[in-house]
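Trainee: Chain residues, written in single-letter form:
There are 2 protein chains.
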Amino acid sequence: MSTSLHSLTDHELDAELTRSRAEYDTLKARGLALDITRGKPAPEQLDLSAAMLSLPGDNDYVIDGIDCRNYGELPGLPSLRALFGEVLNIAPESLIAGGTSSLETMYDVLSFAWIHGTCDAGAPWSSAPVKFLCPVPGYDRHLAITESFGIELIAVPLVSDGPDVDAIRELVAGDPQIKGIWCVPMFSNPSGVTYSEQVTRDLLSMQTAAPDFRIFWDNAYAVHALVGDAPEVLDVLAIAAQMGNPERPFVFASTSKMTIAGGGVSFFAGSGENVAWYLGHLSQKRVGQDKVNQLRHVRFFVDVNGVRTHMRKHQQILAPKFELVTTILRREVGDSGIASWTDPRGGYFVNLEVLPGTAKRVVALAKDAGIALTPAGSAFPSGNDPRDSHIRLAPSLPSEAELQLAINGLCTCIRLSAAELVHRDRAADVHRSSVSV
Amino acid sequence: MSTSLHSLTDHELDAELTRSRAEYDTLKARGLALDITRGKPAPEQLDLSAAMLSLPGDNDYVIDGIDCRNYGELPGLPSLRALFGEVLNIAPESLIAGGTSSLETMYDVLSFAWIHGTCDAGAPWSSAPVKFLCPVPGYDRHLAITESFGIELIAVPLVSDGPDVDAIRELVAGDPQIKGIWCVPMFSNPSGVTYSEQVTRDLLSMQTAAPDFRIFWDNAYAVHALVGDAPEVLDVLAIAAQMGNPERPFVFASTSKMTIAGGGVSFFAGSGENVAWYLGHLSQKRVGQDKVNQLRHVRFFVDVNGVRTHMRKHQQILAPKFELVTTILRREVGDSGIASWTDPRGGYFVNLEVLPGTAKRVVALAKDAGIALTPAGSAFPSGNDPRDSHIRLAPSLPSEAELQLAINGLCTCIRLSAAELVHRDRAADVHRSSVSV
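Protein chains in written order, with the numbering used here: chain A, 74 to 510; chain B, 74 to 510.
One chain only, chain A, in its complex shape (with noise of 0.2 angstroms):
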């Protein structure tokens, strides 16, 4: 980015340096406690959910010839299954309806590889080196899990239709310790990228060096557009099929976006060897899952077309949070050359890129002020980002009062660090000058 400030005289920068810092005193003086940190869904979208506090209800808990409150049934209820197939374009009897966390369903999916390795090749991941390829950026939780198990993480470029193929073909194709790759297939974590179908099937037909290589699918907001209808879902599993990689999705999703946050269902899905050697290891750890939780999501969303009413909801309370952060910094640090950001189409998140080295400096900033966002690099491998620009900004929970207050401040920092970062580079430049006289 080129900014304005370089366009500035001396003078002009001194001032426009101890302006920020007056502006950013003011704001620190106003002791505000803010927190945009985590993609958590506002009371508001909560209170969407209120009849499932009391449901099912008397008496309810049959369904499919099955009683909810017994153990049993590790595949799921079939109403649901089938319901949620029909969100997600998935096959009924290839989708599993579990818990109620799809990163924990992710944790263990992995876990199951590295202890007993898939299905398709006999030798445990953890018996020797293993990578992941990671977009970025990316959602700090799955870097955090792969990081956990010591596997080695690779990041590359995710570009306006999806992953950068060509990057990643070369790698896979190479090294036959590349085992897999995180995606968010549809309004990305944080980018609010969705992918092309292109890409998806360039992704589920490349070459891979590894027999076994997987891309962990997390389909985490399939349905959750901020404008319009959410496209389509690409039939991830009959791609693979018809490319001839059947095993390489292993696809997850969740309704914690949708009903409970941490109290909804969680799924998995994938091919017909992939399921059964979930469920094989699945039922070493469980007797059956929460069926009654399952239920009440049955009751609740009916069909597929309670599910899309339900999700316009959100988007009616989500949509003018997007749009006032986006407003803003449009406001206040749009001509400036010193950020930009996504205006994304769904999802959770906006994507916020400062200037280089001032990222960390901005969050920073933003904390001693009180307002708490995302650490700086937590999109990327290791929490680092090498240029030191990306911020995700998690508008959801807040108030829109409370995000008008949060971005108006971010916008002080994001100022302030140009300033010191344009000044500091100047007096840099003066002094290589003064050295190379």
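By construction, these hints were calculated from the structure, which means they are not laboratory data. Being a predicted model, the structure only gives us computed values, none of them experimental. Note that CB positions come from ideal geometry on N, CA and C, so glycine has one too. Heads up, a few of these hints could be off.
[Unchecked claim] The following label-pair restraints were derived from C-beta to C-beta distances:
#1 A:Asp302 x B:Ala445: 43 to 53 angstroms
#2 B:Ala445 x A:Asp133: 25 to 35 angstroms
#3 A:Asn162 x B:Asp237: 52 to 62 angstroms
[What the hints assert, rightly or not] A short list of chain A residues far from chain B (calculated; beta carbon distances all over 10 angstroms):
#4 Gly172
#5 Ala246
#6 Phe373
#7 Arg418
Please arrange chain B on chain A, whose structure you already have, making use of the hints.
Mentor: Showing chain B alone in chain A's frame:
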């Protein structure tokens, strides 16, 4: 067991075998379809928690200052930890309220140790061969978890006051590969044994060659008395600390057999170091707990007296079924010396011992007659009961009428297999005599 069959003349024995076969053929002809394989609650028991189907209820979602509908609070709801801390005699800060499956919690804890090592020893358990002790007969799902990790199981005898401590002491003192033991300290599955305080102290104080030795203390039936009140729960964390081995016990419990089977709340408890270790790894896989379900449990039970009152209702349903089982066994095979059984004061199982070498045959005969029993040997490592004499009976699920049919039918199978065995033995004796002449 010496049996009255041995005192029969050859002719009488032939007649008994013919009679038993006819009796069995009559049983088979009835075409029963009964299942006493698993410790599942009966519908009447599940009805006791009918109110949970509408809880927490409209507009009830805040407790302890926490909105239960949103992410977070990985250790679980403080109110529930306090309530069950009282039930389980564990300080609330040492008790974590988790998801719906304590089996999953055990699997997770083992997998964390497997992948990362415990808090007091750096090496992952996967880095060298691992052995576990299992008091036998034991819980088949415990054994299956460890076996799925490739852990070698060493059986140790379970006697009337707990596992044979002398045998255990010698094993763990001499072999650093022995990293753990499975224990069900109260109303053990399947023997019904409750460990004495002395055995508990011995287990917590003994010298172990492995510095990171752990007791997987699955207190699954702490309040599940069949007669009178359950004994007071020992404060194993305090005893372990007194003995200088604070890290030794990993404690587990669950409400699955109190409220909704597979939809209750599971618990983990341990020393401060163990809890920090557990939460550290758990935080990689979960953003929080299903706090709405935890709130549901707080509202349902209210306090420790609510738990005790509720468990007495379970007792009123279960005790007559256990009484029925032992009454029929006493009447049908009581004087014959061909079977013995436990008369448990709590838990979910009756331990049946038949003539050595006949348990598999009894289970197969019963299966062919439409009576499903837990597979013979399943309470032993590798499913191998060296004496082939143990059968686990699970009387909870069927109605009393079904149970009566099942146990009467079982007795028919016991009598036939005993007559077959004694007949075969005698024929072999005759053969041996004629060979030696």
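Trainee: Hint by hint, note whether the structure agrees.
Mentor: Results of checking the hints against the structure:
| no. | hint | verdict |
| --- | --- | --- |
| 1 | A:Asp302 x B:Ala445: 43 to 53 angstroms | 50 angstroms, holds |
| 2 | B:Ala445 x A:Asp133: 25 to 35 angstroms | 29 angstroms, holds |
| 3 | A:Asn162 x B:Asp237: 52 to 62 angstroms | 57 angstroms, holds |
| 4 | Gly172 | 6 angstroms, violated |
| 5 | Ala246 | 29 angstroms, holds |
| 6 | Phe373 | 13 angstroms, holds |
| 7 | Arg418 | 24 angstroms, holds |
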